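Colleague: For reference, the chains in residue letters:
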Amino acid sequence: MSSLEIKNLHVSTGDKEIVKGVTLTINSGEIHAVMGPNGTGKSTMAKAIAGHPDYVITQGDVLIDGKSILEKESDERAREGIFLAFQYPSEIPGVSIANFMRAALQARMAEGEEIDASAYYKRLYQKMDLLKIDRKFTSRSVNEGFSGGEKKRSEILQMALLEPKFALMDETDSGLDIDALRIVSDGVNSLRGPNLGILLITHYQRLLSYIVPDHVHVMIEGRIVKSGDKSLALELESRGYDWVKQELATA
Amino acid sequence: MSEITDTLETTLENPVSGIDQSSGNFKYDMTYDFDAGTGLNERTVDYISSVKKEAPWIHDFRQSALKTFFAKPLPTHWATRDLENINFDKIRYYLSQGQKPKRTWAEVPEDIKRTFERLGIPEQERKFLAGVEAQFDSEAAYSNIKEAVSKQGVIFMNSTEALREHPEIFRKYFGKVIPTGDNKFSALNSAVFSGGSFIYVPPGVKVSHPLQAYFRINAENFGQFERTLIICDEGSELTYMEGCTAPKFSTATLHSAVVELVALKGAKIQYITVQNWSSNVFNLVTKRGLAHEEAEIKWIDCNIGSRLTMKYPGVVLKGRKSRGEVISIALANDGQHQDTGAKMVHAADETTSTVVSKSISVGQGRATYRGVVHIPKNLKGCKNNTECDALLINTNSRTDTYPAITVRGDRHAVQHEASVSKVSAEQIFYMQQRGLTEGQAMSLSVNGFINDLARQFPMEYSVELKRLIDLEMEGSVG
Ligand SMILES: Nc1ncnc2c1ncn2[C@@H]1O[C@H](COP(=O)(O)OP(=O)(O)O)[C@@H](O)[C@H]1O
Ligand SMILES: [Mg+2]
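Each protein sequence line maps, in turn, to chains H and Z.
In case it helps, our numbering puts the first sequence at residues 1 to 251.
In case it helps, our numbering puts the second sequence at residues 1001 to 1478.
Simulated from the structure, these hints should not be mistaken for laboratory data.
One or more hints might be untrue.
Claimed, not checked - Listed next, the in silico DSS-like pairs over lysine-lysine satisfying Cα-Cα at most 27 Å (straight line):
hint	chain 1	residue 1	chain 2	residue 2
1	H	K165	H	K122
2	Z	K1206	Z	K1318
3	Z	K1072	Z	K1206
4	Z	K1268	Z	K1176
5	Z	K1383	Z	K1268
6	H	K122	Z	K1466
7	Z	K1466	H	K136
8	H	K151	Z	K1422
9	Z	K1318	Z	K1380
No experiment lies behind these values; they were computed from the predicted model shown.
Chain H with its partners taken away, still in its complex shape (with noise of 0.2 Å):
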């Protein structure tokens, strides 16, 4: 049992503050939405918690198991168990998912320990059955000509492998159409268990009638204003966010 908090965090770029105070606790086992309009900070949140070096992370801290993992690069982080699924994931040409995710998991083992390349096959072969991913996408770069829809899938794939603590999924079920829509949600459920936490990214509701959440939360311009059960989801799909604006503005 593990915990992810996040604590009074406050993310700028450039000159810019974008995250403004956010405050959560992800423990193994639940799975966090955390909705809200487009441009309100929710990737940036995200990627500041994996170390990414375009975000500074001005006020607060971001802690795992009470040890705080902001002094640490993104790779550490990565180790320690946090995974982002990404909204835009980046090509790497001439590397296949086969190749990066054989170094991904070296890259966890102790110094002259050697992946076992036979097990390692037969386990990365058995995630792509689960998400229904053609072997052929084994020698492929990786994400190189992917369709939209290819790359989330590949994402959760990576994140299947990798088995991390935390995952961090930022709109993963954007540019799904509805059968990719199921089989992305069938895997992120396969994967939901007692020693995983999520936090769910997403501006629509879609998604999460496919993976139901525990908690849900608003967010807007950096903050988060409301938080609630996954009734609060449903609520905003019928009211739109314009009604939790109104709300603030008249609180």
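Once you've looked at the hints, dock chain Z with the ligands against the given chain H.
Modeller: Frame of chain H, contents of chain Z with the ligands only:
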């Protein structure tokens, strides 16, 4: 042959695993029995020629080359002015412990043997090579060819021995592909050359495993000038691999080789270089092959390290239907300049040349591509395909491309493609987010960039290349 074939299977694994090859950056303090002193003049050349007990013709050849060297200016009208920082008076031109290489590793002096063991050479020899020559500073310390291969009539020895033992073949081809006056550094090499390989493969003999030479610089303020001459007689085939390293000194080291290849009718030569010089080495090498009718010469040239490398392997396509190919990979790290390319001279009908160049520039590293493709008007049915790709890591990196394609007449097919791509900060972050260190992430990008080339290489070579890239990229992270 069976001895070699039996061990082939084990080579499919990493041939260098288990050997500490982590760096070429180590040296032993040596005392040299033969030392031409510091600086260059006629007496330096006399000394080299006399310790080798050379025939008068070669002594004269050297002295005349020395005059050419002094007469020629540095090519700074087109090349980098960094060349002006080479102080020819501060260099030692000949250092050795003797002119006769040992035939077994047991006889090789302890420090030299240990050097090559650390570099994994005896291990590789046992596993997949048909023969090895290991040069330490100016002379080969070890040289051996598997009996099965020498029984086929293959000659493999260093240039010092070859001049004594096979003067008739040597003299016939020596200096014919690359004349002394080709450039200032070929003239320098012609004056003071020592070591390097001499290979003759008789007609029809297909050497089934690579012959390898390893060039090691150990001494400070030193210049290594090996001279390699390979002749493949009609219908024969050979793969030759060379590797090189030197420890890092604060002073400049000079490496200036000349390599001449002759592929007679229908012969095939594949020449592979894995170069991993330390960042104080000026590496100024002239390499050219002459392809007769239906012959094929392929250069696989991988340049890692050095302060400045200038190297443009070439093929003169002299015979009808001959083919030439250059595959070049250059990695220019911070403070390094890789000035590489290819030279294809079509001199007969229906000749084909291919150039694929991939360069990687990191930090302040600078990569330059210079290509020459020459197809004269009177020929017909010639083809050239040139592809130059550059990868930039960090915005300061610099890359220049100077392709010079002179094609006259309209009966030829010529294609040229070039691309420049960048490893973005976003890409690096993406990989780091999966747990790779920055160095590992850069290394993976570089390996991805050259992947389509590397997988055409012999297994042992692509494993070695990947290892060197990993080391270089690990070291480039501040
Ligand atoms: N690297 C950056 N440089 C400058 N502005 C940025 C950068 N990243 C995000 N922003 C700005 O921060 C705001 C929040 O963006 P983002 O976090 O992507 O929002 P969301 O994910 O909620 O749509 C936007 O106004 C966006 O333009
Ligand atoms: Mg976003």
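Colleague: Are the hints correct? Go through all of them and say.
Modeller: A quick look at each hint next to the structure:
Taken as a hint, the H/K165 and H/K122 pair is honoured in the structure, with Cα atoms around 22 Å apart against an allowance of 27 Å. For the hint pairing Z/K1206 with Z/K1318, the CA-to-CA distance comes to about 22 Å; that is within 27 Å, so the pair holds. As the CA atoms of Z/K1072 and Z/K1206 are separated by approximately 41 Å, the hinted pair breaks the 27 Å bound. For the hint pairing Z/K1268 with Z/K1176, the CA-to-CA distance comes to about 19 Å; that is within 27 Å, so the pair holds.
With a C-alpha separation of about 19 Å, the suggested pairing of Z/K1383 with Z/K1268 holds against the 27 Å cut-off. Restraint check: the Cα-Cα separation between H/K122 and Z/K1466 comes to about 25 Å, which is no more than 27 Å; the hinted pair holds. Distance hint between Z/K1466 and H/K136 is fulfilled; the C-alpha atoms sit about 24 Å from each other, no more than 27 Å. Our distance criterion of 27 Å between C-alpha atoms is met by H/K151 and Z/K1422, whose separation comes to about 21 Å.
For the hint pairing Z/K1318 with Z/K1380, the CA-to-CA distance comes to about 13 Å; that is within 27 Å, so the pair holds.
Checked against the numbered hints given earlier, this structure breaks only hint 3.
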